[in-house]
Every structure is written in structure tokens, then in C-alpha cells.
Amino acid sequence: MELAEIQQAIEQLPKDQQATLAAWLAERDQAEWEVEIEHDFARGGAGMALVEQMKAEARTGGFRPFEKGRKKNR
Amino acid sequence: MAFQSFASERFWQLYRELPAEVQRLADKQYELFRRDPFPPSLHLKQVDDAWTARIGRSHRVIGYREGNAFYLGLDRLARSVQQAAAEDGMSRAVRCQPTGPKRASDLVPLLGIPLPQDDLDCFGRLRSASYGCWRPDGGIRSAAFAADGALPTTQL
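Just so you know, the protein sequences line up as chains R and G, in that order. The opening position of the first sequence corresponds to residue 1 in the numbering used here, with each subsequent residue numbered one higher. The opening position of the second sequence corresponds to residue 75 in the numbering used here, with each subsequent residue numbered one higher.
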């Protein structure tokens with residue numbers, strides 16, 4: 001099925017079904033992101049550097065209790 | 075188990091840059107987390123050493139845990155870049171990694187996508203592999219991209 005046909009079919013759906021479809025697409029996008037996260041943060045993944053960076057920052061006192069930061073940043 | 079949360083100045087810098095409605099969502103998610111770290115709507119999950127939780131559709135908290143302490147960072151989905159790539163008929167995924175400062179302008183030839191300035195501004199925190207700290211005038215930590223979403227990525 002061509003994209004234009006799918007779009008046309010969607011236009012003909014009742015609004016509530018369009019909303020269901022939109023929610024499904026959004027959740028699908030989130031799930032895709034979850035897969036990226038799993039890939040990035042698995043051992044040896046690109047994201048590990050971030051975790052290591054955060055740990056190094058924590059060791060040198062760069063992290064403070066969340067609540068204190070929250071009060072300051074409100 | 076009672077958890078304690080910690081955040082760095084970088085976290086708060088990113089937080090301050092969030093749109094007001096995302097800040098409100100982040101606050102709401104934190105309150106949820108404070109009361110009970112594992113409600114379904116938070117989608118808190120562990121991937122190896124990292125922990126992630128959702129803040130709406132476009133942002134995530136990324137952190138790690140030591141005992142009952144969570145150390146928190148922020149991540150952002152810069153959707154506009156993905157869309158720009160799609161609209162240009164290109165299927166390039168853009169990924170960033172946190173090493174070595176570079177200037178934003180260095181990215182443009184690598185991307186091969188004529189991005190408007192707004193997109194450049196938000197490029198620095200793309201999906202899960204890119205982290206903070208980019209302004210066109212202030213440099214970025216590093217970046218990499220993969221054609222057709224395939225690895226290996228190329229680092230700047």
C-alpha cells in the first residue's frame with residue numbers, strides 16, 4: 001500500500017480511531033527510542049561514556065542533593 | 075526502600091533550557107519518582123549501568139544508581155532534526171557522544187543536511203546518544219552520525 005493511500009484511509013477514519021492511531025504511533029516511537037537506549041547503554045555502547053562522565057563528576061563532588069538544586073532552580 | 079537523588083549543575087543547566095511545559099512534566103515525574111520509583115508511567119528501566127525514565131515524548135532522564143542513590147542527567151529527542159532529514163529524503167541518524175569539544179559548524183558538512191539555525195541549536199541532545207552542551211558559539215562535546223541509521227558511527 002502506498003503512503004498516499006494510507007493517508008487517505010486515515011483521513012476517512014472516525015476521529016476516535018485517528019486518536020488511537022496517533023497514540024499508537026507515539027508509543028511506537030517511544031519503543032524505538034527504548035531500543036536505541038538499550039543499544040547505547042549496553043556495555044561498550046556510545047552512552048557508557050556519559051555514565052562514566054557522570055560517575056567521575058560525582059566523585060569530584062559535582063552532584064548535589066536534587067531537592068537543593070530544585071529549590072535553587074525554581 | 076527510600077531513594078536519594080542527586081543532580082549536577084549540568085543537569086540544572088539543561089533543565090533551565092527546557093520549555094516550561096516540559097519542566098512541569100519533569101517536576102511531575104520527579105514527584106512520582108520520589109513517592110514510588112517504579113510506577114508504570116515513569117517507565118524507569120535499567121540498561122546495564124544506566125537508568126532511564128521518560129519525561130513526556132521528547133525527553134528522558136538518564137542516570138545511574140549506587141545503592142539507594144540515583145544520579146540524574148537529562149537527554150532530549152531533537153525531533154526537528156530527524157524530520158529535517160526525512161524531509162530532505164535522507165535517512166541519516168545523527169548521534170552525539172560526550173567527548174572533546176567541537177564547534178557546531180563542524181557538523182554541517184558531516185550531516186550533509188542544510189539545517190536551519192534553530193535545528194543546529196537543538197542538535198546537541200539528540201536521542202539517547204547525544205548529551206547536552208552544544209551552542210553554535212560554545213562548541214559541542216562531540217558528535218557522530220550513521221548513514222541509514224547503521225553503525226559504525228563516525229565521531230567528529
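The set of hints was computed from the structure by calculation and includes no laboratory data. Keep in mind that the hints are not guaranteed to be accurate.
The calculated lysine-lysine pairs, modelled on DSS-like cross-linking and capped at a C-alpha distance of 27 Å, are [claimed, not checked]:
id : chain 1 : residue 1 : chain 2 : residue 2
1  : R       : Lys71     : G       : Lys102
2  : G       : Lys119    : R       : Lys15
3  : R       : Lys55     : R       : Lys68
4  : G       : Lys102    : R       : Lys72
Exercise for the section: Quickly compare the C-alpha distance for Lys119 of chain G and Lys15 of chain R to 27 Å and report which way the hint goes. Expected result: violated, 33 Å
Exercise for the section: Assess, step by step, whether the Cα of Lys71 of chain R is no farther than 27 Å from the Cα of Lys102 of chain G, and give holds or violated. Expected result: Holds, at about 15 Å.
Handout entry: Pair hint outcome, Lys102 of chain G versus Lys72 of chain R [Cα-Cα no greater than 27 Å]
Key = holds, 17 Å
Problem - Holds or violated: Lys55 of chain R to Lys68 of chain R, with C-alpha atoms at most 27 Å apart - result: holds, 20 Å
In summary, the one numbered hint that this structure violates is 2.
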